[in-house]
Amino acid sequence: MTRITNVQFEHYHPPNTIGVEETRPRISWRFEDCPPNFQQDAYEIEVSEVGWNSQVTVISSTKRSSPSSYLVPWPHSQPLTSRQKVSIRVRAWDQDGHGTEWSEPAALEVCLLNRTDWKCQRIAAPWGPGTSEPDTEQLYRREFRPADSIANARLYTTAQGVYEVEINGRCVGDHFFAPGWTTYDGRLQYQTYDITDYLSTGDNCIGVRVAEGWFSGRIGFEGGHRNIWGSHTALLVQMEVTSKDGAVQTITSDGSWSVARGPIRLAEIYDGEKYDATMEIPAWSSAGISQDAPGWSTVLVMPHLPDSVKLTAGFGEPVRRIEALKPVSKIVTSSGKVILDFGQNLVGYVKLSNIKGPTGHKIILSHAEVLEDGELCTRPLRICKAIDEYTLRGDCHGEEYTPRFTFHGFRYAQIDNWTGGELMTSAEAIVCHTDMKLVGGFSCSYPLLNQLYQNVVWGMRGNFFSVPTDCPQRDERLGWSGDLALFAPTAALIYDCFSFLKNWLIDVEYDQGVLGGVPAMVTPNATLPDPVWCRRVPCAIWHDVTILAPWALYEETGDESILAQQYNSMLTWMRKVPRNTTRATHLWDPSVFNLGDWLDPAAPPNAPWKGATDAKMVANAFLIHSLDLMCKISQILGQDNDRSHFVSWSESARKEFQDEYVTANGRIVSDSQTAYALAICFDLLNPNQREHAGGRLAYLVRKNEFKIGTGFAGTPYICEALALTGNIQVAYAMLLEEKCPSWLYPVTMGATTVWERWDSMLPDGSVNPGEMTSFNHYAFGAIAKFMYERVAGLQRVEPGWKRSCVAPEIGAEISNAAAKHVTPFGLLSCSWKTEKNGNGPERLRLEVSVPYSTVCDIILPDGDGKKRETIGQGDWVFETSFTRGYEWPVEPLPPKS
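When you line the sequence shown up against UniProt numbering, it's residues 1 to 897, in that order.
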């Protein structure tokens with residue numbers, strides 16, 4: 001019988017539905033076990049209010065004739081209000097009037113929507129003002145006595161810094177690095193916790209650890225800056241305890257709180273954490289400590305948070321501790337150092353247990369991504385120590401150390417001065433990242449490609465840490481806009497990152513406003529104090545993120561709201577594009593410096609912008625691409641005047657691009673892989689030019705022995721451009737190339753994430769001499785999209801996956817491939833395998849699973865041609881025979897010297 005499952009509010013996934021900032025959330029659901037001919041004809045949504053005493057009261061039931069089951073409008077006549085908790089159930093009927101049972105209820109609780117809901121004061125340590133050096137963590141506490149009969153309790157809290165809450169000695173929640181990184185001068189996120197089960201009758205205590213984090217800790221390269229958003233940390237806490245008679249007791253941060261320095265003596269993102277267990281304050285977050293006990297001070301009450309800073313629940317998932325990895329080996333180096341290899345380059349920290357030793361003994365943990373000459377290689381970290389220290393209290397029963405306020409990018413951890421149990425069983429790496437839902441998967445018969453795909457996934461995991469960072473290990477970890485602009489379409493295939501990026505894009509627009517309309521290169525803009533790094537000059541690709549990222553999210557979800565949310569940001573950016581006024585063109589002003597095809601392998605190690613492709617041409621190609629998207633976006637949003645403007649600008653710019661960069665036959669200035677890839681994928685050529693350009697691109701790739709010749713700009717498009725012009729086997733030869741530079745070269749060198757440079761490690765095992773060398777950098781991982789769409793054949797045809805296509809490109813002796821993706825309507829998957837039949841045609845078997853209310857176009861090789869069929873929901877199997885084809889060089893290759 002047909003069942004309704006996965007009832008969802010907006011894009012929230014449980015357990016992230018408490019304390020959300022929604023008043024009219026749209027509702028979605030999916031169907032399971034439905035017969036092939038099932039079609040929803042009508043639905044009913046029942047909305048119930050859940051009271052403070054858990055009493056459920058139905059407040060509306062709305063039935064509508066509609067086939068829609070995705071992002072349907074909020075059914076209740078009234079919007080939700082602060083603190084309101086609702087539960088909904090859904091049922092549906094098909095075209096014959098047959099109905100489903102009610103779904104399981106789904107609950108949502110609203111946050112504090114208005115500033116007037118906040119009654120707490122902002123408090124800080126009295127030694128905070130004037131702090132210019134790294135500070136210790138601060139321990140805040142307050143004892144209280146709730147009513148004897150507690151019905152429920154909520155905690156709303158945030159910090160200018162990072163925090164962790166304890167109540168009666170128990171850690172509250174599972175967030176890591178809360179409240180997350182935002183543009184603190186524009187938005188400060190807070191969290192809502194259900195603390196009902198943490199409270200007891202009698203005396204209770206709430207304690208909060210606070211450290212500097214991104215807010216006032218050191219951030220940025222070349223030494224960075226401290227106190228970018230404030231000179232010291234601060235805390236806001238509001239606890240609301242409802243008794244069984246309905247009375248509400250509010251406990252807030254105010255002048256009655258006490259603060260002390262905690263045992264974390266240093267809490268730095270780059271340099272690490274120093275924990276001195278001899279300075280622990282026993283039971284500090286439990287009742288029973290006198291307010292005037294030694295070491296405790298009365299807090300400093302700060303002025304209220306300025307109205308210009310929005311207190312927000314935010315929209316993205318929190319960073320969490322996701323999994324634990326045990327070391328795979330212990331290495332003793334030639335210098336006698338002990339290093340643990342966790343087998344995976346990851347982001348997080350090392351947790352130690354079963355520590356034993358004398359009081360005051362210090363254990364030191366140093367982190368790095370790679371080894372060089374058999375020793376820990378820390379040079380790529382630049383001005384970043386990445387060292388944690390634990391000073392023992394001297395507990396003969398064993399101690400445990402878990403860093404709280406730092407994170408590292410590492411595969412290897414050097415442990416100095418270890419005293420305790422067997423190190424291999426006493427250490428584990430805790431993997432941390434934003435807790436997005438995994439929605440994609442890929443595999444094939446080629447093991448190195450499978451490892452490459454896993455490297456892409458791990459690279460995304462490590463760099464989607466509150467904001468989309470460029471690298472998670474060195475003195476940077478910033479939200480670079482260009483990296484995300486190019487990787488967003490791939491990211492959306494792997495994880496559901498809609499809410500994560502929606503949240504970040506709000507801050508992108510805020511920083512854009514601070515800079516007078518030009519987006520920041522990094523958001524949140526940690527370069528603002530530095531006029532050298534804080535470019536206020538327009539920059540193609542990096543600033544095109546205002547358009548490219550929302551569009552990628554729209555294509556993945558079909559949700560127009562993200563386009564509407566960011567539309568003003570898009571318009572503001574397009575108005576800032578500097579045009580060539582001397583020639584009155586519609587292209588970029590050539591006097592403006594652009595980064596071009598960043599990290600092209602032809603660029604010198606110390607000048608990554610000096611690639612083989614004209615940077616002005618790259619900028620103009622992306623300008624036209626953005627203009628084309630603005631034509632579509634303005635039409636979707638019903639902005640007809642804007643659309644007319646962008647259509648005219650796009651047409652003029654395309655003609656001028658042709659005049660400036662393309663010959664009549666399709667030869668392109670720069671004559672590089674990136675030049676042809678962008679021209680083909682952005683539709684900058686007429687049909688005759690396109691055919692010639694495709695042949696020329698294939699020739700250049702062959703001439704380069706199938707090695708990569710692209711940087712950030714061209715890499716996402718190079719293989720797709722070859723496929724679009726009928727050169728799929730050339731694309732596969734490039735994809736499977738193992739010599740440097742190539743996607744598989746790092747894999748053959750033992751990489752477990754995607755590298756920043758094609759040659760971050762040289763063939764002899766030494767590290768690239770360039771200063772900018774990261775071994776975890778997701779940008780070049782954009783190739784995973786090609787692996788989904790061409791190797792496995794799984795493609796999105798319409799925004800939101802209402803229509804899909806399975807069209808595997810068989811080649812390169814790959815004998816099977818599979819891909820899956822959780823679409824808004826359910827799981828879409830395909831898997832194929834080939835089987836040789838002597839000297840005759842090969843057999844191909846394809847299995848496809850299509851979710852409810854969607855259609856899928858099947859395009860398979862059949863003999864020397866193609867077989868096409870359109871299917872609907874259900875599980876399908878196709879078999880065909882075909883002859884594997886291979887292209888021949890379009891132009892003769894020169895003999896090898």
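Where hints are given, some of them may not hold.
Taking CB as the label site, the calculated pair distances span [said to hold, decoys possible]: (1) G374 - T425: 20 to 26 Å; (2) E738 - D671: 23 to 29 Å; (3) D194 - P129: 30 to 36 Å; (4) T57 - G421: 54 to 60 Å; (5) T81 - E280: 39 to 45 Å; (6) Q658 - T81: 40 to 46 Å; (7) N641 - T5: 42 to 48 Å; (8) P36 - L448: 25 to 31 Å; (9) D864 - Q658: 50 to 56 Å.
Simulated from the structure, these hints should not be mistaken for lab results. Glycine residues also receive a C-beta, built at the ideal position from the N, C-alpha and C atoms.
Consistency of the hints with the structure:
1. G374 - T425: 20 to 26 Å: Once the Cβ atoms are compared, 24 Å apart, the range 20 to 26 Å for T425 and G374 holds.
2. E738 - D671: 23 to 29 Å: Holds: the Cβ-Cβ distance is about 26 Å, inside 23 to 29 Å.
3. D194 - P129: 30 to 36 Å: Once the Cβ atoms are compared, 35 Å apart, the range 30 to 36 Å for P129 and D194 holds.
4. T57 - G421: 54 to 60 Å: 55 Å, holds
5. T81 - E280: 39 to 45 Å: 43 Å, holds
6. Q658 - T81: 40 to 46 Å: Roughly 57 Å apart at Cβ, these two residues miss the hinted range, so it is violated.
7. N641 - T5: 42 to 48 Å: For N641 and T5 the Cβ distance comes to about 43 Å; the hint holds.
8. P36 - L448: 25 to 31 Å: 39 Å, violated
9. D864 - Q658: 50 to 56 Å: Violated, since D864 and Q658 (Cβ atoms, about 35 Å apart) do not stay within the stated range.
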